[in-house]
Amino acid sequence: MTSNLETQNCVPCRGNSPPITEAEFAELKQQIPDWERIYIDGEPRLQRCYKFRNFRQALAFTQKVGEAAEEAGHHPAILTEWGRVTVTWWTHAIGSLHRNDLIMAARCDRVASELAEGK
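In the numbering used here, the protein residues as written are 2 to 120.
These are calculated hints, taken from the structure and not from any lab test. Source: prediction; values computed, not measured. Incorrect hints may have been included.
Stated by the list, open to error - Derived BS3-like pairs (lysine-lysine); straight-line CA-CA distance at most 25 Å:
| no. | residue 1 | residue 2 |
| --- | --- | --- |
| 1 | Lys30 | Lys52 |
| 2 | Lys65 | Lys52 |
| 3 | Lys65 | Lys30 |
Produce the entire structure from the sequences given, and follow the hints as far as they go.
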């Protein structure tokens, strides 16, 4: 199996970068099983809704995901509500999914796990 997604680095993406192949997506998706592929305006995206006990926890998660996104130079759509945060990843430059999106989805899962553990 491919190496752990959350430890990989995002690569700069441009309009001519190839989207992830179906075979690669199927293999890597196993590492982020709680994420679903959705389509908005015909573009594939990865989306997951995280649940929290209150707004404070949801906001802390949002902040940490935002920091990870800024560090990687790859930014999601984030909807923060009371007790839940919905994160959506896709690569705007190519209007599709790139390996970077799956890497960042795995990092979101790690952030959620660390917050649940009190880190």
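Between Lys30 and Lys52, is the straight-line Cα distance small enough, at 25 Å or below?
holds (21 Å)
Is Lys65 within 25 Å of Lys52, Cα to Cα?
Since the Cα atoms of Lys65 and Lys52 sit roughly 15 Å apart, the hinted pair holds (cutoff 25 Å).
Given the hinted pair Lys65 and Lys30, is their Cα-Cα distance within 25 Å?
holds (22 Å)
Taken one by one, the earlier hints all hold for this structure without exception.
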